[in-house]
Amino acid sequence: MNFRFRPAFFIAILVAAACGLGGCRKPFIRVYLAPKDVSGPITYKLPPGWQEATPNSVSLVAFSIKNGGQEAGVNVTPLPNLAGREQLVVNMWREQAGLAPIDGEELEKALEPVPIGGEQGRMFEVLGAREGGAPLRIVTAFFHTAKASWFFKMTGDEALVTAQKPAFVEFLKSVRVSEEALSAGPLSQRSAPDEPSAPASNAATPAASSPAGEPPTGWTVLAPGKMQIAKFAVPEKDGAKAEVSVSVFESDTGGTLKNVNRWRTQIGLGETDETGLPDSVKPLEGADGAVLVDLKNDSRALLGAIVPRDGQWYFYKLLGDVAAVEAAREQFVAYAKGEAR
Amino acid sequence: MSLWKFLTSLRLTVTCLALAVLLIFFGTLAQVDEGLWKAQKIWFYSWIVWWEHLRLFGWRFVVPLFPGGYLIGFTLLAALTTAFIKRFQWRKDKIGIHCIHAGVILMLLGQLLTQELAVESYVDFKEGETKRYAEDHLKNELAFIRDAGSGQDEVVAIPEGFLKPGAEIRHEKLPFTVRIKDYGVNCTVRQRGPMVDGPAVATQGFGTQLVVEPRGEVTDMDSRNLPYAYIELMKDGRSLGVWLVTPWLDMFRAGAQEISTERGPLRLALRFQRYYEPFAITLLETHSDMYRGTDIPKNYRSRVRIMGGKSNETREVDIYMNHPLRYAGLTFYQAQMSPPGVQPRTSTLQVVRNPGWLTPYAGCYIVAAGMYVQFRHHLTRFLAKRAGGDGVARKGRWGVIAGRLLEVGLLGYLVIKFTLKLFGYA
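Just so you know, the protein sequences line up as chains Z and H, in that order. Under the numbering used here, the residue at position 83 of the first sequence is numbered 83, and the numbers go up by one with no gaps. Under the numbering used here, the residue at position 23 of the second sequence is numbered 23, and the numbers go up by one with no gaps.
Derived from the structure by calculation, the hints contain no laboratory data. Glycine included, C-beta positions come from ideal geometry on N, C-alpha and C. Possibly wrong hints are sitting among the right ones.
Listed below are the simulated BS3-like cross-link pairs for lysine-lysine, each with C-alpha atoms no more than 27 Å apart in a straight line [to be verified]:
1. H:Lys173 with Z:Lys45
2. Z:Lys45 with Z:Lys165
3. H:Lys41 with Z:Lys36
4. Z:Lys45 with Z:Lys66
5. Z:Lys26 with H:Lys41
With beta-carbon atoms standing in for the labels, derived distance ranges [stated by the list, open to error]:
6. H:Trp50 with Z:Lys36: 39 to 49 Å
7. H:Pro159 with Z:Lys173: 51 to 61 Å
8. H:Val196 with Z:Gly270: 42 to 52 Å
9. Z:Thr256 with H:Val196: 49 to 59 Å
10. H:Gln191 with Z:Glu119: 37 to 47 Å
11. H:Val415 with Z:Gly255: 52 to 62 Å
All chains should be built: construct the whole structure from the sequences, respecting the hints.
Spelled out as structure tokens, the structure:
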């Protein structure tokens, strides 16, 4: 076969290739099928009038509802599987509303079935009063999966919560949770989707399911507050009350002096300096690097423990009336050291 | 002088190489004023650099035009190829030269291929989050999204380049015409003050409550442009309303803007351009090391789980510095991570799809082989001439065989070692 090379033909190919090059990246309208967005472990349809709010340290998402001066809030919180411990959960919220605990028989009457994201869940209501006496209604729904128990709580002014209950039920139907997203780490390390990053010194590590083992006998589980991973009420002592709270941080949040001074102000004491620290701070025996802070001001007392553990700093605080604090001292120290009693 | 003679002249090649040196010098300095991406586009991804861009640090060039990267690269490629064809001689002592030419041509072609076909995007996610797509941080798209059932959405994605004020966009999948009323490359938005800001441009959606404040284009590497557009949807000559679309709405978590159509609700969003993949990637764990006592990162490591894909597999992989994941034609590099102690823990992976990623390596192999052959040939001839014999007589036959075996073994070892390293097996 005779092949004769033709320069003109070759140059034409080069020019055509050069022209084609310009057309490679010409934008065009694309049409495609895509899997639906799953932005986090939970998706939902937002009811009208609800606004997304900043979730607390243990919730995934939160919403606020306002109408005519009344307010309500909704929180969605996944916790380690609590199947079989519904009574504990219900009584925790009853306590928040100032109501007495109920037994198993009453519990069955209180729980009503409700669909939650295609699963069968249960719902209960609590009507109580705030500290000032204003009526407070809490509607809580939950369901269990293999990995978690999902809690959906609407709480707020009685009239508004009652009016929003149908929307809450619709919201529950629209919810979809992603087991896959939760499987990435322990539930205790779940954090709110899209919540803004916080500086290290302010960042609470959301709850370990039990920060130092089970709480001592006689302590009542309370709903943890902001930046807290656990909260308990210790038994009353002649009408004296006290509560224990636990927080965990990635750093020592400024050192012992700063934390002692923060605690001192909480019971009305003035700040101290390094020379005054030994008066109220001593090592916590049996826990390396940990300190026990002992503060008292008239009828109020605060026992604090700062415990470095596994690269984090655990802050335990027992605050309340002197009699109750003293009665719970031994249990508190054991709990802070990780020895439940 | 004919075009063929012009292309095959050595002068053209040398001129192109000199211009390439100048182009790289000026294009690199231009990044100070223009930023990396824009400077690359103006100087390297263009045929001509026009006079308005020919300035550095405020000083104007004396020439009105300068050849761009495409022009120089393509001319050099043409010059090399034509010279290769014209001067090709099938002789043993020329094999090395031919290999070097072929290798350089392949490298130039590989670079062109990379420029034209490579796509760079990013996956940003929090620990526990699963993503099925990567986002382009430099391009945006106006997306109309319809529920297609079976857990899927049908997306009509209009590139940002179509959003020119006054433009009308029609597509068979859209039940209306999209008229662009206004567009800006960058903006901020704020809440509308009803007594201060006058009537809103948008008549539908979240835009009725917001005011857009246009901003100039940013070009530095640490900033993103957040564009906006006011779009009017027209059906049968009737306006359905004006919507504001901007990525800011996503950042505010304002939720989706919806339009009712005969085929059900249609969501619309101006968002970072997405590239969906047939697999899911979940960020399982992040790990960041700092140099002791400093905030200087030493190592970022992301543990991810890949699920799905063609083989429907599930595998967990660590991605960290100099240890990217190559999967399904994509390369995942560790790009960014939230500082230690900051919650939630986030990681950003750079995702590169580059069908031509092997061509530079292949080109290097061929050039190296050509240089070796050429130098070896000259060395052998030189030594033979100096010895006054053919070498075989002096070393003996077994000496020659041993030398050849040693040479082949050493070369083979180097090639295999480098190839295994290249594919991540060593």
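Task: Hints violated by the structure (listed by number, smallest first) - done: The structure conflicts with hints 3, 7, although it agrees with all the remaining ones.
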